[in-house]
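**Q** What follows is the residue order along each chain.
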Amino acid sequence: MTLNPSQQAAVNHQGSHLLIIAGPGTGKTHTLTYRIARLASQLKENERILAITFTNKAALEMKHRLSKLCGKRIEKIFVGTFHSFCFQLLQEHSHFKDFCVALPEEIENLVKDLWPQYANSQRKNLLEKISRWKSIDFDKEPPAEIAVYNNSLRTKNLFDFDDLLLESLSLISCHSSRLQDYRYIFVDEYQDINAVQHRLLLKLVSPQLHLTAIGDPNQAIYGFRGSDVRFFESFREDFPGATTLFLEENYRSAPNLLTASGQVMAKTKFSFVPALTAKIYQEGRLIIYEAPTDKAEAEYVVHKIEKMVGGTSMFSHDSGRAAKHEEAHYTFGDMAVLYRLNTQKNLLKEALERSGIPYEISGDKSLEGELLPQANDKYVERSEKVSLMTLHTSKGLEFSVVFIIGCEENLSPLNLENFKADIEEERRLFYVGMTRAKEQLYLVRAQRRMLFGKTYENSLSPFLTDIEEELQNYERETIKKISKEDKQLQLFKSF
Amino acid sequence: MRFYADVHLHSHFSRATSPNLNLEYLTVWAQLKGIQVVGTGDFVHPGWMKELKEKLEPAEEGFFKLKDHYAASVKDKVPSSCRCEVRFMLSCEISNIYKRLDKVRKIHNVVFAPHFKAAEKIQSQLGNIGNIYADGRPILGLDSRDLLEIVLESDPLSYLVPAHIWTPWFSALGSKGGFDRITDCFADLSSHIFAVETGLSSDPLMNWRLSQLDPYVLVSNSDAHSAEKLARESTIYDTEFSYRGIYKALSDPQDQGLLGTIEFFPEEGKYHYDGHRACQTRLHPQETKKNNGLCPACDKPVTVGVMSRVEELADHPEGRKSPRARPYYSLIPLPEVIGEAKGVGAASQSVEKVFIEMLGKLGNEMFILRECSISDIKKVAGALIAEGIERMRQGKVKIAAGYDGEYGKINIFSDSERGALQEQGQMTLFE
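Chains A and B are the protein sequences, given in the same order.
Residue 2 is where the first sequence starts when you use my numbering, and the numbers rise one by one after that.
Residue -6 is where the second sequence starts when you use my numbering, and the numbers rise one by one after that.
Mixed in with the good hints there might be a few duds.
Unchecked claim - Derived list of chain B stretches under chain A, where covered just means 3 residues or more per stretch with a C-beta under 8 Å from a C-beta of chain A: (1) 89 to 97; (2) 114 to 125.
Stated by the list, open to error - Listed next, the in silico SDA-like pairs over lysine to any residue satisfying Cα-Cα at most 20 Å (straight line): (3) LYS241/B with GLU53/B; (4) LYS308/A with ASN124/B; (5) LYS77/A with SER42/A; (6) LYS308/A with LYS293/B; (7) LYS98/A with ARG155/A; (8) LYS350/A with ASN121/B; (9) LYS335/B with VAL373/B; (10) LYS92/B with GLU307/A; (11) LYS92/B with LEU398/A; (12) LYS64/A with GLY397/A; (13) LYS113/A with ARG124/A; (14) LYS92/B with TYR380/A; (15) LYS96/B with GLN283/A; (16) LYS114/B with ASP378/A; (17) LYS92/B with HIS330/A; (18) LYS389/B with ARG411/B; (19) LYS58/B with CYS75/B; (20) LYS379/A with ASP181/B; (21) LYS308/A with SER168/B.
Source of the hints: derived by calculation from the structure; they are not laboratory data.
A virtual CB, placed ideally from N, CA and C, is assigned to each residue, including glycine.
Chain A with its partners taken away, still in its complex shape (with noise of 0.2 Å):
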């Protein structure tokens, strides 16, 4: 595999902390494995490298490319999340060595225990305002049952998954002998981290230890679980002597998609990130279509997903029914189903199981769910389904065909009585969404649509809105239903 210059710039640069902004498609991973391999090369007896990542899956990831670039090499790289880092962290720790992080389930004991008099909803709130002012808000004063709460969690040898990285701030401190043989820190997704996460951070650093920050202002959309993407503004402050290196070179997404995603991210306050570049010259398909009704959006993504694989059942097969030839090249792995809001799944679910159509709903794993093992079959892992996720699942993912679905002014931006959201980060979180499609984009909208028991008639989503109008493809299709003909086939009547 190549690199293009500028990804060879960021593999090579040496000297200084080095932060990497890189957009949708341009190589980041790519890049920021070569330029691991690479130092890692360069590494001294004894020097070793930390390698953090925001999934234990991008780790998994991240470790199967770099064991191909650097062979026995990679002991010296510990590659893991800031969870799993600070978790070794701790066990190296004599104090600690028997702790163990507590499951949802025993927090939730422990909380019930300690607060009997607490609703559920009470409960969760409590936890919340914790797990906040664990990761955000330490500097601050700290809400009053903090105290009784990890007194009665350490009382149990636990933690729970805040207190990884806020233990692990005091441990490095006052006891940092075990990190000096790290000479570098790579940390990707840089605009999703937070405050707890850039004081760990910034302790860690020193000259003798360089940090590369890697990821993309644009694509920032965990504000809501305590995320600041100003660390990205403030880096050069963070860290003296830092050098910027852009990637921007799209090699993902055709053009008038990479085009068309650039148009609604146009309007973003970070005016420092540079508009990509198509690598791709293929020129995909953008369209845009409204469905009277939410049902009615749903039974457009199946009808379009069966033309798109050429059909699934044989019967009215022939050339004339079957999609275009170059429709049909795709398979169900292929496409993605994107939304909003975990709800606006449930139609989609229902359409498709009436298609057979094989499918999967990718959760929103919590970050806790990421450290318990998952249950596996080789086969279910290797049989390819459509995807069904959030916006905020898709992000990292690519497919060939992605649909947006409720792409409506309540929706996208996310304007709903009980949520509302902050614009501009709902405005990266629709283009994380249309920067996963590499060949074909549908954006879709129903006019009117049920949430929550309630009906909303919807106009369009003003990021649609940004797209010019050129790029904008209107489908208008009537979706032919199943026949009776198709149904009843000649029979004798006398049997």
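Based on these hints, arrange chain B on the given structure of chain A.
**A** Chain B alone, transformed into the frame defined by chain A:
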């Protein structure tokens, strides 16, 4: 024991199938057609599985029969001339749609299980992978090779047969979604494939042209979507009357238990020639070649049918016989012969009347088409139908070949012939 088997068909739980595809009617139609072993089809579907377990009971090893009181409810629908024992074996077609080597593969496979436990093992595995409720023939994003592995792991006697291997859209060697070699499709597990299904649009003669098919014995089944289509193709055995008997006849190259197959005239199949149904362009492979694979009407690539595809992959000229070759017999379903003689559609009521009368007086359809003396047929059904059957037995029929999903059109008699023969018949009647 000598018997006919038709083991690839569907239940009323499959898409676009007749509601008469239940076990009672299958039992009735098997007798009318003269078939002794019928596949259940669709065993992966939980609704059908429930019906199977409710209505069937074990018979010979791996075979099942309709319980007596269910059989009794339809007994009077079979004329005594046709009555015989009918057995079921557990079968199910799977639609595998997946990508291998960056190409879309759409392949239908038929799987067989020797008992309910094995069938349920397969069912539960496939249930994890996709939706087994929506269609009796489930659509799965599963590689054919992986399906084969699941089948093999369910029981040592479970097996898989690639379905209608030449169909362009959905088959192992099909022009649109297939591989160039059966062994590419099943990769490391290819040695566990020992039989392939020829499908309606190809006959053994065409298949024998490929050395790559030499290890396999050719089988035929109806792939029926309604009970009366049962046995339009089938396989003839003379072996132990059990699942194991069939398994051995298929899997052991030395075994001579498979006697041959009953075939459509391949031209009658839906995909024999190339063309576009919507443009009504029917092309012989040579015409397709001349047109560079494009439709003369719309200039887009034609659907490449079975004949072209065989030509493309064949490494022998026509006339070669493969080492496991068995005889085959090309037949036309009796209602079609009657319809041809009468100059009406095969599904018309007057055809049905004659069909029932012939079965009642002569015996089951397979007997009438293959063995019954022409003079007996003539006595019951008249000279024209007898002549039609005679011509069919001699292969003297004209067929406008099927293409792009359109069945071929049979032509046993020209209009003038029909008139002349009818007069002749009336003359003999007066003599």
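**Q** Could you run down the list of hints and mark each one as holding or not?
**A** Hints and how they fare:
1. By the rule of at least three residues with a Cβ nearer than 8 Å to a Cβ of chain A, the coverage given for the region 89 to 97 of chain B holds, with 5 such residues.
2. For a cut-off of 8 Å, the count of residues in the region 114 to 125 of chain B with a CB near a CB of chain A stands at 5, and the three-residue condition holds.
3. With a C-alpha separation of about 15 Å, the suggested pair LYS241/B and GLU53/B falls inside the 20 Å cut-off, and the hint holds.
4. Between LYS308/A and ASN124/B the alpha-carbon distance is near 18 Å, which keeps this suggested pair within the 20 Å criterion.
5. Restraint check for LYS77/A and SER42/A: satisfied, since their Cα atoms lie roughly 10 Å apart, inside the 20 Å limit.
6. Between the alpha carbons of LYS308/A and LYS293/B the distance comes to roughly 18 Å, so the proposed pair stays at or under 20 Å and holds.
7. In summary, the hint linking LYS98/A to ARG155/A is supported, as the alpha carbons are separated by about 12 Å, within the 20 Å threshold.
8. Our distance criterion of 20 Å between C-alpha atoms is met by LYS350/A and ASN121/B, whose separation comes to about 16 Å.
9. Between the alpha carbons of LYS335/B and VAL373/B the distance comes to roughly 15 Å, so the proposed pair stays at or under 20 Å and holds.
10. The straight-line distance between the Cα atoms of LYS92/B and GLU307/A is roughly 15 Å, inside the 20 Å bound, and the hint therefore holds.
11. Between LYS92/B and LEU398/A, the direct Cα distance comes to roughly 18 Å. Compliance with the 20 Å bound is thereby established for this hinted pair.
12. Annotation: proposed proximity of LYS64/A to GLY397/A holds, straight-line Cα distance about 16 Å (limit 20 Å).
13. Note on LYS113/A and ARG124/A: the hinted pairing holds, with a Cα-Cα distance of about 8 Å set against a maximum of 20 Å.
14. Pair hint LYS92/B plus TYR380/A holds up; C-alpha atoms about 14 Å apart against a cutoff of 20 Å.
15. Taking the CA atoms of LYS96/B and GLN283/A, the gap is about 19 Å. The hint holds against a cut of 20 Å.
16. This hinted pair checks out: LYS114/B and ASP378/A have alpha carbons roughly 14 Å apart, not beyond 20 Å.
17. Annotation: proposed proximity of LYS92/B to HIS330/A holds, straight-line Cα distance about 9 Å (limit 20 Å).
18. About 15 Å separates the Cα atoms of LYS389/B and ARG411/B, which keeps this hinted pair within 20 Å; it holds.
19. Between LYS58/B and CYS75/B the alpha-carbon distance is near 17 Å, which keeps this suggested pair within the 20 Å criterion.
20. Between the alpha carbons of LYS379/A and ASP181/B the distance comes to roughly 17 Å, so the proposed pair stays at or under 20 Å and holds.
21. For the hint pairing LYS308/A with SER168/B, the CA-to-CA distance comes to about 18 Å; that is within 20 Å, so the pair holds.
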